[in-house]
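Respectively, the protein sequence lines represent chains L and H.
So the first sequence is numbered by the working numbering: it starts at 502 and just counts up by one.
So the second sequence is numbered by the working numbering: it starts at 502 and just counts up by one.
Hints listed in this document are in silico derivations from the structure and should not be mistaken for laboratory results.
Because the structure is a prediction, the values reported are computed rather than measured.
Note that CB positions come from ideal geometry on N, CA and C, so glycine has one too.
Keep in mind that the hints are not guaranteed to be accurate.
Partner residues aside, some chain L positions facing chain H, computed with beta carbon under 10 angstroms [said to hold, decoys possible]:
{"id": "1", "residue": "Arg519"}
{"id": "2", "residue": "Asn520"}
{"id": "3", "residue": "Val560"}
{"id": "4", "residue": "Pro561"}
{"id": "5", "residue": "Ala563"}
{"id": "6", "residue": "Arg597"}
{"id": "7", "residue": "Asp599"}
{"id": "8", "residue": "Ile604"}
{"id": "9", "residue": "Glu606"}
{"id": "10", "residue": "His608"}
{"id": "11", "residue": "Val623"}
{"id": "12", "residue": "Arg664"}
{"id": "13", "residue": "Glu668"}
{"id": "14", "residue": "Gly694"}
{"id": "15", "residue": "His695"}
{"id": "16", "residue": "Leu743"}
2 protein chains.
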Amino acid sequence: MTPPRYEVIGITGLPEIRNGDDLGRLIVEAAASQGTALREGDLLVVSQKVVSKSEGRVVPLADVTPSPAALAMARELAKDARLVELILRESRRVVRMDKGILIVETHHGWICANGGVDQSNVDLDSASLLPEDPDRSARALRERIHGLTGVDAAVIISDTFGRPWREGLTNVAIGVAGLAPIRNYLGAQDPAGHTLQATLLAVADELAGAAEPVMGKLNRVPVTIIRGLPFERGEDTSKALLRDPSRDLFR
Amino acid sequence: MTPPRYEVIGITGLPEIRNGDDLGRLIVEAAASQGTALREGDLLVVSQKVVSKSEGRVVPLADVTPSPAALAMARELAKDARLVELILRESRRVVRMDKGILIVETHHGWICANGGVDQSNVDLDSASLLPEDPDRSARALRERIHGLTGVDAAVIISDTFGRPWREGLTNVAIGVAGLAPIRNYLGAQDPAGHTLQATLLAVADELAGAAEPVMGKLNRVPVTIIRGLPFERGEDTSKALLRDPSRDLFR
């Protein structure tokens, strides 16, 4: 029997991304230059950081005037008040504030540290924000790549989030286009004859995580190809990965 | 530049695993039969379920007498009292009990639904428990495979856990041998010159998740090879993935 298998291929050679860059074209060209031109069935995992840069979602801290609330919180957290101001602007509510850590719910509904506001891999004295609508970003990349190559690649926009109880961060999906982010086993029978219950698998998060070990934080590999996996196609957005607050025991 | 890449290869053809089976030998043989014999640098992701079966951690429900506490909780949760009894035996404390869901902290320290007690893919009227010490199980598999083949493969024992806030389950690591479960960027500089802070990546969880899409729940692929990834070797156990309660904002 042919074993099920897939490949995770980092895309190297992308230039430093700037506001207004045609990220879809740059990805297509870089993939082709390294001999792994995109093909039908590919799924791309794209780091939030390059998407935000191409969409102008990088803010010079000198342009940020902290509100009194941000100043007060910044003192308590021992953080830069301009960063706290940006975090509050990106947030719908503060979930926890303790031990120098600020966990918020973003306007998208993601619960994460610092609302996705981040200073790594951007110019010193700047901070990057999450894309305004990462699902829209994913759709735009998918369409651009289709227009350039004829290939209908699925796209995941990934970011690196922490989680309660477990140490370490993992990459998760914050935007998707062209794949079903959740695989649903509800009602299916396992080989032993049990009907599987409550079995929704967050495939988009697992594949965002699968990409991370080749992306890293230091090696300028912001895009990864998942190749050969027969994933389920679909038009659901990343909202499928948000737990309904009424079903969440940890709000 | 050669792109960084790795492969995820499911191992098919394993028999139904029973108490006392030599799982290491069965894995070595099944990998060889399908033309992907284990080689140096491989990392194996092994489903908790087959490890538990080989270690006799499957309990016939007819042998379980629920305590009064289990009977009371079972009524409230609308669950089988014998299952609740098993869950309580596997647990150090109950974290949440609501909406028919029982979240506990296991004796290992994992916080998960039902303490890892599970009825899928075992005989009807039985339940499987997590391995007593999944790190020991991982080490034993690594040693057995080394003894049989001379290959020093790293091993992750995986299980499928939910998480707060995000819909869907993902595979995570509950036992490791031979790889550093966490990659630590503390103090490293990114290409833009920022010193990265608080950047611990839970690589073992990401790779457990990477394996899940080829393992599935229905296709009898309980073991997956991660091949070609230059992961960091190490002798830390999965305890490195447990967040210290004093650093956890969500206890």
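Okay, the hints, checked on the actual structure:
1. Arg519: Cβ of Arg519 of chain L sits 13 angstroms from chain H, so the hint is violated.
2. Asn520: violated (15 angstroms)
3. Val560: violated (15 angstroms)
4. Pro561: Cβ of Pro561 of chain L sits 14 angstroms from chain H, so the hint is violated.
5. Ala563: The hint is violated - Ala563 of chain L has no Cβ within 10 angstroms of chain H, the shortest such distance being about 17 angstroms.
6. Arg597: holds (4 angstroms)
7. Asp599: holds (5 angstroms)
8. Ile604: Constraint on Ile604 of chain L satisfied, holds at 7 angstroms.
9. Glu606: Nearest chain H Cβ about 9 angstroms off; hint holds.
10. His608: violated (15 angstroms)
11. Val623: Nearest chain H Cβ about 6 angstroms off; hint holds.
12. Arg664: holds (6 angstroms)
13. Glu668: holds (5 angstroms)
14. Gly694: Holds. Min distance 6 angstroms.
15. His695: holds (5 angstroms)
16. Leu743: Result: holds, 6 angstroms to nearest chain H Cβ.
Checked against the numbered hints above, the structure violates hints 1, 2, 3, 4, 5, 10; every other hint is satisfied.
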